[in-house]
Amino acid sequence: MESPDRGIQLSINKELIKKGFADEAEETYLSRQNHDQREMEAISNSVVSPSRLLQEEKPTFKDRQSDWFSVSLGNNRPASSKGRRTVKQKLNGPHNPYEMMFNSLTNVGRLRSVKTDPDSVNSVAIDNEPQDRYDRLMVSGFVGLNPAGSTMMARDTTIMPAISGLPSIISLLFCPVAELRRDRENKRYIGCICGLGVDRDQRHSLFPEHDMEITFDVEIDNKDISQINGVRSAINLAIGNEEKVSAWGPDAIYKIQEAARKKLLENLERVDPVNYNNPYSWNQVDPDDLIETSLEGTPADAPHLLNLHKAQMLEEEVYVDKASPEYLKEHAQWLKKASKDFTKREPITCEICEMTWHTPQLLAIHIETRRHQEKVAALYQKEDY
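Heads up: the sequence shown is residues 1 to 385, going by the UniProt record's numbering.
The reader is advised that the hints may include incorrect statements.
[Stated by the list, open to error] Below, computed lysine-lysine pairings styled on DSSO-like, alpha-carbon distance capped at 30 Å:
hint, residue 1, residue 2
1, 340, 322
2, 336, 322
3, 223, 336
4, 187, 322
5, 262, 223
6, 187, 255
7, 329, 375
8, 244, 223
9, 262, 322
10, 244, 187
11, 115, 90
12, 310, 244
13, 322, 337
14, 310, 322
15, 340, 375
16, 263, 322
17, 310, 187
18, 337, 375
19, 262, 244
20, 329, 340
21, 336, 310
22, 187, 88
23, 375, 310
24, 255, 223
25, 263, 244
26, 187, 337
The set of hints was computed from the structure by calculation and includes no laboratory data.
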């Protein structure tokens, strides 16, 4: 800036630094490139020099800037070239991967997006433990809909502690009625449906809009169901019989809460979630597989409060001796079938030779080797002896 009174030039940047309104900072790379480009253009407009020829070959600032926005995930070959190899990259967005996203557990809200009140401290919920992939639970005191009815707005929210299996335990503890889900082999529980149950004809849900389909991410067995029923029976007695509660003493409720918390949340093992094939449907269990509770018909099992859950018969795990000749012979036959199934993508282990192969093609080569065939032949020779 030139002063007309004194005939001198002043730098606004230096004046701001001198008066303490700014600090010195190193010029960015893009700013330097822009400055050099403008100098080259000024020189080239006045004189044709070797520098202009150099400038014509040198990439311009706009070219450099456009390169910053182009990302190639495959080979640097022209797009028109045949046989171009491409790589598909899954992106997590547009939200930050550390930001937790919530969805409604009820049937009526499962297809709607969920947003938290912008004025709430939970409007941006950060996952402090992103390495743990279990579900988190957020409780809302008020839920509204936008005018279009496509988004649910949660207000007065509280994010529950990061405890594995907490959504499943809370749902089983306080839901009116629950029906447990088993896997295809009937070996373990994979989830439950919670709600008001079905009508007297046992056909239709009493309140299907508010039914919840819960998928377990921890292992829950009949022992856990028995402990949950113990807490539910204590709640039924505390609410339904004031005389018995008064005889318990002032510290009884606190002791029950502490005992329930320790028993229910201990030794919960993480398992991979398995979705049920027919969600939000009741009466999916054979009545002969239900286990009746010993408290049925007593004040502890109050139909008007919390019904005690009915456990189901589970198939016991059968121990298999993987070193036995019978198992290894069946495994050898399975390896032959697996070597011809080219749709498999997970590694395959030959338990006869204790070697792992990542493709069916490599497995097919392995089972034709002399070492593998000799070990398989030895299995049948042991049976002859």
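The hints, checked one at a time:
1. Between residue 340 and residue 322 the alpha-carbon distance is near 23 Å, which keeps this suggested pair within the 30 Å criterion.
2. About 18 Å separates the Cα atoms of residue 336 and residue 322, which keeps this hinted pair within 30 Å; it holds.
3. For the hint pairing residue 223 with residue 336, the CA-to-CA distance comes to about 41 Å; that exceeds 30 Å, so the pair is violated.
4. The straight-line distance between the Cα atoms of residue 187 and residue 322 is roughly 20 Å, inside the 30 Å bound, and the hint therefore holds.
5. With a C-alpha separation of about 14 Å, the suggested pair residue 262 and residue 223 falls inside the 30 Å cut-off, and the hint holds.
6. Between residue 187 and residue 255 the CA atoms are separated by roughly 34 Å; this puts the pair beyond 30 Å, and the hint is violated.
7. Of the pairs offered as hints, the one joining residue 329 and residue 375 holds, with about 10 Å between alpha carbons and a cut-off of 30 Å not exceeded.
8. Only pairs whose Cα atoms come within 30 Å are accepted, and residue 244 paired with residue 223 is accepted, the gap being roughly 27 Å.
9. Of the pairs offered as hints, the one joining residue 262 and residue 322 is violated, with about 37 Å between alpha carbons and a cut-off of 30 Å exceeded.
10. A C-alpha spacing of about 39 Å is found between residue 244 and residue 187, which places the hinted pair above 30 Å, so the restraint is violated.
11. For a cut-off of 30 Å, the pair hint linking residue 115 to residue 90 stands: about 24 Å separates their Cα positions.
12. With a C-alpha separation of about 26 Å, the suggested pair residue 310 and residue 244 falls inside the 30 Å cut-off, and the hint holds.
13. For the proposed pair residue 322 and residue 337, the alpha carbon gap of about 19 Å is at most 30 Å, so the pair holds.
14. For the given pair, residue 310 sits about 36 Å from residue 322 by alpha-carbon distance, which is inconsistent with the 30 Å threshold.
15. A threshold of 30 Å between alpha carbons decides the hint, and for residue 340 with residue 375 the separation of about 21 Å falls inside it, so the pair holds.
16. A threshold of 30 Å between alpha carbons decides the hint, and for residue 263 with residue 322 the separation of about 35 Å lies outside it, so the pair is violated.
17. For the hint linking residue 310 to residue 187, the alpha-carbon distance of about 16 Å falls within 30 Å, and the restraint holds.
18. Taken as a hint, the residue 337 and residue 375 pair is honoured in the structure, with Cα atoms around 18 Å apart against an allowance of 30 Å.
19. The hinted pair formed by residue 262 and residue 244 meets the criterion: a straight-line CA distance of about 24 Å does not exceed 30 Å.
20. Of the supplied pair hints, the one linking residue 329 and residue 340 holds, its CA atoms being roughly 18 Å apart against a limit of 30 Å.
21. Between the alpha carbons of residue 336 and residue 310 the distance comes to roughly 44 Å, so the proposed pair goes past 30 Å and is violated.
22. In summary, the hint linking residue 187 to residue 88 is not supported, as the alpha carbons are separated by about 37 Å, beyond the 30 Å threshold.
23. A threshold of 30 Å between alpha carbons decides the hint, and for residue 375 with residue 310 the separation of about 50 Å lies outside it, so the pair is violated.
24. Taking the CA atoms of residue 255 and residue 223, the gap is near 21 Å; set against the 30 Å cutoff, the hint holds.
25. With a C-alpha separation of about 23 Å, the suggested pair residue 263 and residue 244 falls inside the 30 Å cut-off, and the hint holds.
26. At roughly 26 Å between alpha-carbon atoms, residue 187 and residue 337 fall within 30 Å of each other, so this suggested pair holds.
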